[in-house]
Amino acid sequence: MGAAMAGAAYDTISTHLSNTAKTIDDFDHIVTGDLGMVGSEVLYDLFDKDKINIKKKHRDCGLMLYDFEKQDVHAGGSGCGCAASVLCGYFLRQIAGGKLQNILFTATGALMSPTVTQQGESIPGIAHALHIGV
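With the working numbering, the residue at position 38 of the sequence shown is 232, and numbering never jumps.
Careful: at least some of the hints might be erroneous.
Think about it this way: if two alpha-carbon atoms lie no more than 20 Å apart in a straight line, the pair counts; the simulated SDA-like pairs of lysine to any residue are [what the hints assert, rightly or not]: (1) K243 <-> D205; (2) K251 <-> N296; (3) K245 <-> L281; (4) K251 <-> Q313; (5) K250 <-> Y284; (6) K250 <-> G275; (7) K251 <-> M231; (8) K216 <-> K243.
Hints were generated in silico from the structure; no laboratory data involved.
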């Protein structure tokens with residue numbers, strides 16, 4: 195589902211940057227919820243078209259949960275639990291401990307409907323951004 199959500203993540207992140215006159219470099223990390231490997235690559239391609247290299251700052255919660263060398267998780271974790279677990283268990287602790295100052299946390303999701311899927315329609319993606327900093 196990461197590929198379905200990548201467009202929404204791109205739109206939310208780029209809109210936030212534009213509306214706040216910030217750049218990727220203003221953040222320690224740009225965090226997405228659960229794009230996984232495939233969705234992250236789509237996100238990079240979308241930003242590459244704007245001549246913005248997000249790779250150096252991007253972290254995906256679905257990719258951070260697992261050890262890809264020791265676990266067979268294919269493209270990474272999926273679901274809202276990835277974002278919640280990594281935000282609360284890792285990023286907020288890093289900010290509270292002074293190791294990070296600013297992150298743009300972008301929760302991602304796919305609006306699944308059995309009816310839409312049966313009709314062969316596309317899967318709408320959604321993303322919400324939260325700037326967390328000290």
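These are the hints, each one checked on the structure:
{"no.": "1", "hint": "K243 <-> D205", "result": "holds (13 Å)"}
{"no.": "2", "hint": "K251 <-> N296", "result": "holds (11 Å)"}
{"no.": "3", "hint": "K245 <-> L281", "result": "violated (28 Å)"}
{"no.": "4", "hint": "K251 <-> Q313", "result": "violated (38 Å)"}
{"no.": "5", "hint": "K250 <-> Y284", "result": "holds (19 Å)"}
{"no.": "6", "hint": "K250 <-> G275", "result": "violated (24 Å)"}
{"no.": "7", "hint": "K251 <-> M231", "result": "holds (15 Å)"}
{"no.": "8", "hint": "K216 <-> K243", "result": "holds (18 Å)"}
Hint violations for this structure: numbers 3, 4, 6, all remaining hints satisfied.
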